[in-house]
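Asker: Chains as they are written, first to last, in full-length UniProt numbering: chain A, 1 to 408; chain B, 1 to 432.
Just so you know, these hints were derived from the structure itself, not from any lab.
C-beta atoms are modelled at their ideal positions from N, C-alpha and C, and glycine is treated no differently.
Not one of these hints is a red herring.
Calculated lysine-lysine pairs in the DSBU-like style (CA-CA distance at most 30 Å, straight line):
1. Lys210(B) <-> Lys126(A)
2. Lys371(B) <-> Lys84(B)
3. Lys126(A) <-> Lys212(B)
4. Lys336(A) <-> Lys424(B)
5. Lys250(B) <-> Lys123(A)
6. Lys123(A) <-> Lys210(B)
Partial pick of chain A residues on the chain B-facing surface, computed with a CB cut under 8 Å:
7. Gly133
8. Gly158
9. Asn250
10. Asp326
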Amino acid sequence: MAAIFQGVGAAAPLSSSPSNSFDSNKSVFSPRRSFSVRKRASFAVVRSDGIVNLNPKGRSAQRLISNAVATKADSPAASSSSKPGHELLLFEALQEGLEEEMERDPRVCVMGEDVGHYGGSYKVTKGLAKRFGDLRVLDTPIAENSFTGMGIGAAMTGLRPVIEGMNMGFLLLAFNQISNNCGMLHYTSGGQFTIPVVIRGPGGVGRQLGAEHSQRLESYFQSIPGIQMVACSTPYNAKGLMKAAIRSENPVILFEHVLLYNLKERLPDEDYICNLEEAEMVRPGEHVTILTYSRMRYHVMQAAKTLVNKGYDPEVIDIRSLKPFDLHTIGNSVKKTHRVLIVEECMRTGGIGASLTAAITENFNDYLDAPIMCLSSQDVPTPYAGTLEEVTVVQPAQIVTAVEQICQ
Amino acid sequence: MSTAFSAANFSTQSFPLNHTSTTTHDSPLVFAKPTSQFLRSTPKLRLSSFSKLNLSRRSGTVVAVSDVVKQKKSKSTPTLLITKEEGLELYEDMVLGRAFEDMCAQMYYRGKMFGFVHLYNGQEAVSTGFIKLLKQQDSVVSTYRDHVHALSKGVPARAVMSELFGKTTGCCRGQGGSMHMFSREHNLLGGFAFIGEGIPIATGAAFTSKYKREVLKEADCDHVTLAFFGDGTCNNGQFFECLNMASLWKLPIVFVVENNLWAIGMSHLRATSDPQIYKKGPAFGMPGIHVDGMDVLKVREVAKEAIGRARRGEGPTLVECETYRFRGHSLADPDELRDPAEKAHYAARDPITALKKYLTENNLASESELKAIDKKIDEVVEDAVEFADESPVPPRSQLLENVFADPKGFGIGSDGRYRCEDPKFTQGTAHV
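Can you make the complete structure from the sequences, with help from the hints?
Answerer: Right, here's the structure in full:
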């Protein structure tokens, strides 16, 4: 996302600061305001003749952006040497965020399996143990329920642990502690104890990792009262969300995706965080609102390329905050486009999409011109075979078909 | 019902682990080295009458306090285990625990409190014996049988009773209830309804203590954590996982097992392959101690050593206290499975009666002083009930207040403002 802005130049006041820096220092921040500024700055739409119904007040088609996938740094005006900031892969961005927070506050510590000497199974904690010591970056035995509980107990008594599940699926073993203690202790203690933990780990469907390593736990955790859930999708928001989660007084579960760790993006040098409760506008549009998160964002953007060539103008929002939903950004979008498509990697039954459908129907039913469509993964354990795995998750072709169907 | 274990087998078996007999030592406890130690006094009462239930699982552990004293008096200089002040403090704490729990039962049957209420009658020696040795900054983690742990740690009886009545003046604002007693001020970290889930929390508190000392360089931080749990929990994974981690990192924690032989209706002997829980300590590299949990002085001696060990940074200890609950598992438990003879046997070892006898026989306190304490406690408990009765119930506006420490966690509403800023939220009428 940041790459595209850099290419356009400092047209709008907000482009000098990072695109998604919803500064939590500002008391109530209206995303709407920043959105309209950004609109002028960068995004362009391929205008095809007559088919697309443009907003009469709308943008002028400034430039053709050939690539609708946000993070590929190939915008025409980009030149790497003169650009500020530094390029990082997503796992390095997570590490940088974590390291900065550990420097900033000595109470921040990490615990998990192989986070210390091994550097983390996906290298998110690489080098931290050497720098901060074995107690601050704690290699735990394989006892998820207990070390998650230990992190919660440490949080109650003054520390700020970041608990890593080597794979999100392993946190199923910690469900007791996450549900009963993490989510509920602040309430049952009458507000006496806070639990500022961050529980993070890679999840999602990878490349033939098998059923148990390909789980999406966001749907299992979403009912737990008292926790927040966020899903990162770009290096920029990964670092921002990691930092915001660590600084938050609430317990936050940060969902990362196994296949996104090697995405590259240019990040600003200065300190920034991403607001935990806000959604991210990836691509403004007029015809249909596509709500997505994590890896599916890239499938959606790939489908958007095709859709744009076919004359559609999809608005793509990365909801980022899985619990609670940012009903403001989502609502504004629904009010504009009147059509909603949800694309998620979660299972069909009881997934994030199901909750989101309910929330939108409850709040914005009057604005809808068509029933909400929700594309989710099939309700099957993820098969090992590549061909079968491919069809359990949503593919760009399905997204294109769905949009065509909705926009009829 | 037959188990592989019986009194007869046990007494002839030599203990397979290293241990030293402690019958002739000055104190009832020896901590020579971190191997399994078995606290054993001269056998006075055989449990053969319970052979039908195969109840006895160790030899000769049933000794009243006075017998220990008689032993000690046989040596040249009689040394008392406590001073007068300490004795009165212990007595008062145990009487408070007993009177409070009895009042809870009354109030429950009168419809003032509801749900699951688990009473601690009979186990007071463990709570008093351990917790009265702690400083305020030390932490205690308990289970659902936590009223008396709260009281021993210093939570006012008024706050606990109000919490049980569900009033807003309760220690958790009425939001926790019987099984979730918390106090930040007194470092009581709960109150947990699921067995075993408090043990990792206690391990975390001990981890913080070590972290403060070694990472944050607060050199004098020697806070100790006590984790209380029962015999049933000792078959749970979290118990073993935490024994491992605590021993691995030498955390300042004491694991206190209140073995009252029963997990609701499940006898410890029917649930456990090796019923001697203290043996599980050395398997993880920490000392495992067994102590008579009906004797507050013995518990206190063991506790001193275990807490001292933790404070000095020598690591955790597993202490198994043999104790008994006089009432059922909870107020809803008809308690039909336990043998009346077993109950009578332990009733005869009532820790309060035993301490009373010790204090009076050693001229540490007079009958009238003890009676004065009884009366004082009755007044305290009455006052607690009155206070709880008169306290207000939580208003509706309290419903959403403590869900999140940072209420921004409720998210952004459709109007662009944080939902917690909506007046309906503070009134409790918003629908989340």
